[in-house]
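Peer 1: Assemble the whole structure, with the sequences as input and the hints as a guide.
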Amino acid sequence: MIIKFIFSIVIIVCCSMLGGIYANTYTSRTKLLSQLLVSLQMLETEIIYSATPLPLLLTNIGRKSKPEIGNIFIKASEILLKKEGLTFNFMWSKIVDSEGQKTGLFDEDLELLKQLGNNLGTTDIDNQVKHIRLIMEEVRRNYQEAIIAENKNVKLYKQLGLLAGFAIAIILF
Amino acid sequence: MKKVVNDIFVKKIDESQIPLQQVEESLCPEIRGVIKHLPVSFKNGLEEIRMRVNQPLMVYGNDCDYFVGSAGQLLLEHANGIIINKKNIDNTLQFISNYSIYAVEEELKRGYITIKGGHRIGITGKIISDSKGIKTMKDFSGLNIRISREKKGAAKLIIPYIYEAGEFLNTLIISPPQCGKTTLLRDIIRNISNGNKLLGLKGLKVGVVDERSELGASCQGIPQLDLGIRTDLLDTCPKAEGMMMLIRAMSPQVIATDEIGKDSDSVAIEEALKAGIKLITTVHGKSIEDLYGKKVIGDIVKSKIFKRIIILSNRNEVGTIEAIYEGEDFKNLINSPIRNKVVN
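Sequence order for the protein chains is A and B. The first sequence: position 95 = 95 (full-length UniProt numbering), numbered continuously. The second sequence: position 342 = 342 (full-length UniProt numbering), numbered continuously.
Hints were generated in silico from the structure; no laboratory data involved. Backbone N, C-alpha and C fix where the C-beta goes; we use that ideal spot for every residue, glycine too. Hints may be right or wrong, so weigh each one.
[Claimed, not checked] According to the in silico footprint, chain B covers these stretches of chain A (three or more CB under 8 Å from chain B):
{"#": "1", "region": "76-85"}
{"#": "2", "region": "101-114"}
[To be verified] Taking lysine-lysine pairs in the DSSO-like style, the calculated list, with each CA pair at most 30 Å apart, reads:
{"#": "3", "chain 1": "B", "residue 1": "Lys116", "chain 2": "A", "residue 2": "Lys75"}
{"#": "4", "chain 1": "A", "residue 1": "Lys158", "chain 2": "A", "residue 2": "Lys31"}
{"#": "5", "chain 1": "A", "residue 1": "Lys83", "chain 2": "B", "residue 2": "Lys151"}
{"#": "6", "chain 1": "B", "residue 1": "Lys307", "chain 2": "B", "residue 2": "Lys274"}
{"#": "7", "chain 1": "B", "residue 1": "Lys116", "chain 2": "A", "residue 2": "Lys94"}
{"#": "8", "chain 1": "B", "residue 1": "Lys307", "chain 2": "A", "residue 2": "Lys83"}
{"#": "9", "chain 1": "A", "residue 1": "Lys82", "chain 2": "B", "residue 2": "Lys36"}
{"#": "10", "chain 1": "A", "residue 1": "Lys82", "chain 2": "B", "residue 2": "Lys116"}
{"#": "11", "chain 1": "A", "residue 1": "Lys130", "chain 2": "B", "residue 2": "Lys138"}
{"#": "12", "chain 1": "A", "residue 1": "Lys94", "chain 2": "B", "residue 2": "Lys36"}
{"#": "13", "chain 1": "A", "residue 1": "Lys75", "chain 2": "B", "residue 2": "Lys87"}
{"#": "14", "chain 1": "A", "residue 1": "Lys75", "chain 2": "B", "residue 2": "Lys86"}
{"#": "15", "chain 1": "B", "residue 1": "Lys109", "chain 2": "A", "residue 2": "Lys82"}
{"#": "16", "chain 1": "B", "residue 1": "Lys43", "chain 2": "A", "residue 2": "Lys82"}
{"#": "17", "chain 1": "A", "residue 1": "Lys130", "chain 2": "B", "residue 2": "Lys109"}
{"#": "18", "chain 1": "A", "residue 1": "Lys83", "chain 2": "B", "residue 2": "Lys86"}
{"#": "19", "chain 1": "B", "residue 1": "Lys205", "chain 2": "B", "residue 2": "Lys135"}
{"#": "20", "chain 1": "B", "residue 1": "Lys262", "chain 2": "B", "residue 2": "Lys302"}
{"#": "21", "chain 1": "A", "residue 1": "Lys130", "chain 2": "B", "residue 2": "Lys86"}
{"#": "22", "chain 1": "B", "residue 1": "Lys116", "chain 2": "A", "residue 2": "Lys64"}
{"#": "23", "chain 1": "A", "residue 1": "Lys130", "chain 2": "B", "residue 2": "Lys205"}
{"#": "24", "chain 1": "B", "residue 1": "Lys126", "chain 2": "A", "residue 2": "Lys130"}
{"#": "25", "chain 1": "A", "residue 1": "Lys82", "chain 2": "B", "residue 2": "Lys86"}
{"#": "26", "chain 1": "A", "residue 1": "Lys82", "chain 2": "B", "residue 2": "Lys138"}
{"#": "27", "chain 1": "A", "residue 1": "Lys130", "chain 2": "B", "residue 2": "Lys135"}
{"#": "28", "chain 1": "B", "residue 1": "Lys126", "chain 2": "A", "residue 2": "Lys83"}
{"#": "29", "chain 1": "A", "residue 1": "Lys114", "chain 2": "B", "residue 2": "Lys262"}
{"#": "30", "chain 1": "B", "residue 1": "Lys307", "chain 2": "B", "residue 2": "Lys331"}
[Claimed, not checked] Not close to chain B: a few residues of chain A, all C-beta gaps over 12 Å, as computed:
{"#": "31", "residue": "Lys4"}
{"#": "32", "residue": "Ile11"}
{"#": "33", "residue": "Ile21"}
{"#": "34", "residue": "Asn24"}
{"#": "35", "residue": "Glu68"}
{"#": "36", "residue": "Asn71"}
{"#": "37", "residue": "Asn89"}
{"#": "38", "residue": "Phe90"}
{"#": "39", "residue": "Gly121"}
{"#": "40", "residue": "Ala149"}
Peer 2: What follows is the structure, given as structure tokens:
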């Protein structure tokens, strides 16, 4: 009886943890998107006011950003500094593919990040600003969606986890 | 012992390849591969790499231009030459501008970018202008990559003439275009700045106003060519303003500029002379008589401010020193023209 009881509790705890983990992907995406917005804002400011060349700029932004997002920038600047002759666009989408998967960003967010690489560094300041603002606008929209999804899903998945745990426990009892 | 000799030899070879390595790094991968495989003997004399959209890649060196085959072979006919496309130019420009076109807007307005090593890259494309003048350039169509090889020693024979009793004299260099005027001025600046122990000359603080970035070939403000240890350089600065800035801020003993001639320049020159600063500058022309017709510089020469006037030509070869005149009574100080081989 006691073993059954302990076993049920373990199942309930595990299931609610699973629900929590699943709910967490929504929370962390919202956080990352807001951090990404901050990083993009920094990128825009640096380009307007100091016209820092991209390799150095990416290092600066990378250091100032939160690690998950910053890592992408730092990795990119490391590759640029090697001067291997890769174009920015090509290199950036590779980095976003490999490093972006490690973050909690969704595919549609990574797609936006890749779009950033299409024009970054290839035009004058005015057009750079327009381009970055456009991407920021899109990121912001994703952010709003992420908040709505978070509000809707976090509670849902947490409770779903808990209830599923109870359900399994009751069935097995 | 043998190993040491070997090391020196290896180092020497490396150094001669540095200019080309820097240039290769700024080419797009396809063109980089081709230029890498050019014959070594030609590479050492390579002066220009030219890329024009939808036209064959061309290289210029040893007074001759060639088309280039896909394996790096030099061709006289363009039939088998590599054709440059728009992507090649755009990608090359990415590397030249260090992935940041927005950071080189000022340079684009002037039509060239100087990269590390002092190599200058001329750019053509579509110009966007407004009422204030040229705004920027886009839709790039052509690149001319000029490889810079610093030649030192051009001023060696002149230095004894431009000092008197250990003191530097105001000097003017008169030369037609393409006669090594800037190279000579650069070498004189380096010599004045470093001083010369053998001739008992003390190094002087030199302020350089480099309006067209030719003297120092600066890349992001840092001179890429050696202008000496006591030299302060204002890059892409208008001459008159620059001279005043230097006088006020850097307390130079000598001010050097290229191609003087505007009205505002004479005010700055007066100001410099009042402050007891010596001058060295250049002007386009063939002889002293040529200058009398020019307003500003003619007046300056007539007022005998310049104590030495050097005339260059390319009569025998580039950089020949035709005459060195004494500024008071225009007496020639050399008997026959000096061939100055180092000048490029």
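Peer 1: Are the hints correct? Go through all of them and say.
Peer 2: Right, here's what the structure says about each hint:
Coverage of a stretch by a chain is defined here by at least three residues with a beta carbon nearer than 8 Å to that chain's beta carbons; for the region 76-85 of chain A and chain B the count is 3, and the condition holds. With 0 residues carrying a beta carbon less than 8 Å from a beta carbon of chain B, the region 101-114 of chain A misses the three-residue requirement, and the given coverage is violated. Proximity of Lys116(B) to Lys75(A) is assessed by CA-CA distance (about 24 Å); at most 30 Å being required, the pair is judged to hold. Using a Cα cut-off of 30 Å, the hinted pair Lys158(A) and Lys31(A) holds, with the two alpha carbons roughly 18 Å apart.
About 28 Å separates the Cα atoms of Lys83(A) and Lys151(B), which keeps this hinted pair within 30 Å; it holds. Taking the CA atoms of Lys307(B) and Lys274(B), the gap is near 16 Å; set against the 30 Å cutoff, the hint holds. Taken as a hint, the Lys116(B) and Lys94(A) pair is honoured in the structure, with Cα atoms around 28 Å apart against an allowance of 30 Å. Only pairs whose Cα atoms come within 30 Å are accepted, and Lys307(B) paired with Lys83(A) is rejected, the gap being roughly 50 Å.
A hinted pair counts as satisfied when its Cα atoms are at most 30 Å apart, and Lys82(A) with Lys36(B) qualifies at roughly 18 Å. With a C-alpha separation of about 15 Å, the suggested pair Lys82(A) and Lys116(B) falls inside the 30 Å cut-off, and the hint holds. With a C-alpha separation of about 16 Å, the suggested pairing of Lys130(A) with Lys138(B) holds against the 30 Å cut-off. Proposed proximity of Lys94(A) and Lys36(B) is supported: the alpha carbons are some 27 Å apart, at most 30 Å.
Proposed proximity of Lys75(A) and Lys87(B) is supported: the alpha carbons are some 25 Å apart, at most 30 Å. For the proposed pair Lys75(A) and Lys86(B), the alpha carbon gap of about 29 Å is at most 30 Å, so the pair holds. Restraint check for Lys109(B) and Lys82(A): satisfied, since their Cα atoms lie roughly 29 Å apart, inside the 30 Å limit. Proposed proximity of Lys43(B) and Lys82(A) is supported: the alpha carbons are some 24 Å apart, at most 30 Å.
For the given pair, Lys130(A) sits about 21 Å from Lys109(B) by alpha-carbon distance, which is consistent with the 30 Å threshold. At roughly 21 Å between alpha-carbon atoms, Lys83(A) and Lys86(B) fall within 30 Å of each other, so this suggested pair holds. Under the criterion of a C-alpha separation no larger than 30 Å, the hint pairing Lys205(B) with Lys135(B) is inconsistent with the structure, at around 37 Å. Restraint check for Lys262(B) and Lys302(B): satisfied, since their Cα atoms lie roughly 16 Å apart, inside the 30 Å limit.
Under the criterion of a C-alpha separation no larger than 30 Å, the hint pairing Lys130(A) with Lys86(B) is consistent with the structure, at around 24 Å. At roughly 28 Å between alpha-carbon atoms, Lys116(B) and Lys64(A) fall within 30 Å of each other, so this suggested pair holds. Of the pairs offered as hints, the one joining Lys130(A) and Lys205(B) is violated, with about 46 Å between alpha carbons and a cut-off of 30 Å exceeded. Distance check on the hinted pair: Lys126(B) and Lys130(A) sit about 21 Å apart at the alpha-carbon level, within 30 Å; holds.
Proximity of Lys82(A) to Lys86(B) is assessed by CA-CA distance (about 24 Å); at most 30 Å being required, the pair is judged to hold. Under the criterion of a C-alpha separation no larger than 30 Å, the hint pairing Lys82(A) with Lys138(B) is consistent with the structure, at around 27 Å. The hinted pair formed by Lys130(A) and Lys135(B) meets the criterion: a straight-line CA distance of about 17 Å does not exceed 30 Å. Our distance criterion of 30 Å between C-alpha atoms is met by Lys126(B) and Lys83(A), whose separation comes to about 28 Å.
Taking the CA atoms of Lys114(A) and Lys262(B), the gap is near 51 Å; set against the 30 Å cutoff, the hint is violated. For a cut-off of 30 Å, the pair hint linking Lys307(B) to Lys331(B) stands: about 11 Å separates their Cα positions. At the 12 Å boundary, the C-beta of Lys4(A) stays outside the reach of chain B, the nearest C-beta of that chain being 64 Å off. With a cut of 12 Å on Cβ distances, Ile11(A) stays outside the contact zone with chain B, its closest approach being about 54 Å.
Once the 12 Å rule is applied to beta carbons, Ile21(A) is consistent with being away from chain B; the minimum gap is 39 Å. No beta-carbon of chain B is positioned within 12 Å of the beta-carbon of Asn24(A); the least distance is around 36 Å. The claim that Glu68(A) is not at the interface with chain B holds, since no C-beta of that chain comes within 12 Å of its own (minimum 23 Å). Non-interface status of Asn71(A) relative to chain B is upheld: no Cβ of that chain comes within 12 Å, the nearest being about 19 Å off.
For Asn89(A), the non-interface assignment is contradicted: its Cβ lies about 9 Å from the closest Cβ of chain B, within the 12 Å cut-off. The Cβ of Phe90(A) does not lie farther than 12 Å from every Cβ of chain B; its closest approach is about 10 Å, which violates its non-interface assignment. With a least CB separation of 4 Å from chain B, Gly121(A) falls inside the 12 Å interface cut-off, contrary to its annotation. Its beta-carbon lying about 35 Å from the closest one in chain B, Ala149(A) satisfies the requirement of being farther than 12 Å from that chain.
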